[in-house]
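Undergrad: The lines below spell out each chain.
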Amino acid sequence: KAGVTQTPRYLIKTRGQQVTLSCSPISGHRSVSWYQQTPGQGLQFLFEYFSETQRNKGNFPGRFSGRQFSNSRSEMNVSTLELGDSALYLCASSFAGGENIQYFGAGTRLSVL
Amino acid sequence: AQTVTQSQPEMSVQEAETVTLSCTYDTSESDYYLFWYKQPPSRQMILVIRQEAYKQQNATENRFSVNFQKAAKSFSLKISDSQLGDAAMYFCAYRRRDGATNKLIFGTGTLLAVQP
Chain A
1 KAGVTQTPRY LIKTRGQQVT LSCSPISGHR SVSWYQQTPG QGLQFLFEYF
51 SETQRNKGNF PGRFSGRQFS NSRSEMNVST LELGDSALYL CASSFAGGEN
101 IQYFGAGTRL SVL
Chain B
114 AQTVTQSQPE MSVQEAETVT LSCTYDTSES DYYLFWYKQP PSRQMILVIR
164 QEAYKQQNAT ENRFSVNFQK AAKSFSLKIS DSQLGDAAMY FCAYRRRDGA
214 TNKLIFGTGT LLAVQP
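If you read the sequences in order, they're chains A and B. Reading the first sequence from the start, the letters are residues 1 to 113 in the numbering used here. Reading the second sequence from the start, the letters are residues 114 to 229 in the numbering used here.
Calculated from the structure, these hints are not laboratory results.
Derived BS3-like pairs (lysine-lysine); straight-line CA-CA distance at most 30 Å: (1) B:LYS186 / A:LYS57; (2) B:LYS186 / B:LYS168; (3) B:LYS168 / B:LYS183; (4) A:LYS57 / A:LYS13; (5) A:LYS57 / B:LYS183; (6) B:LYS191 / B:LYS168.
Here's a subset of chain A near chain B, in silico, CB distances under 10 Å, partners left out: (7) GLN44; (8) ASN56; (9) ALA92; (10) GLY105; (11) GLY107.
Think of the CB as a built atom: it goes at the ideal place given N, C-alpha and C, for glycine as much as any other residue.
Turn these sequences into a full structure, and let the hints guide you.
TA: Here it is, written out as structure tokens:
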């Protein structure tokens, strides 16, 4: 059974550009969550999607957005990139909430120059 | 708001020895989950162990066990017979159990080195 797949693994952008990251969850999983990991702020929750609806959102500016498709694949978009957006972006999937365990992808390393 | 605190930025252990990583948390909820995740240099976050707050019995997974003290809001991880492959960043995490969210709240992590 394939795990959570995040693409691309590495990305280099310049300030002001926008970027889209992709996350394919484990087959059958309908919940996808995104996290930002930086040395200074640690792991911070961005947002969560369940059945194509955003059901939770972290404390990030509106430049950070996401969506989920009918096949549960999710994308997150960051517009007008800033140097501080350089981070490892992790995606996690699970069947739903409650008892279900989340499984993480290997992340996308974004560098903003 | 819930918070998770890991007060040990780095730890070191000799191979085959035992090490304990500390974690404290704060919440007003009575029903929740606590987790320990491992993140090796490959960056993949791997679940090590999970504890349900309503269960008094401490969770164990092979060489990994926890000491869950609900009243003290403490959740430590004990790694027995440490192996070189245990070297990684370890994160303690909290999640509500109400089913309405999968949001994990992480601590700042403890970097574990295993000396041969």
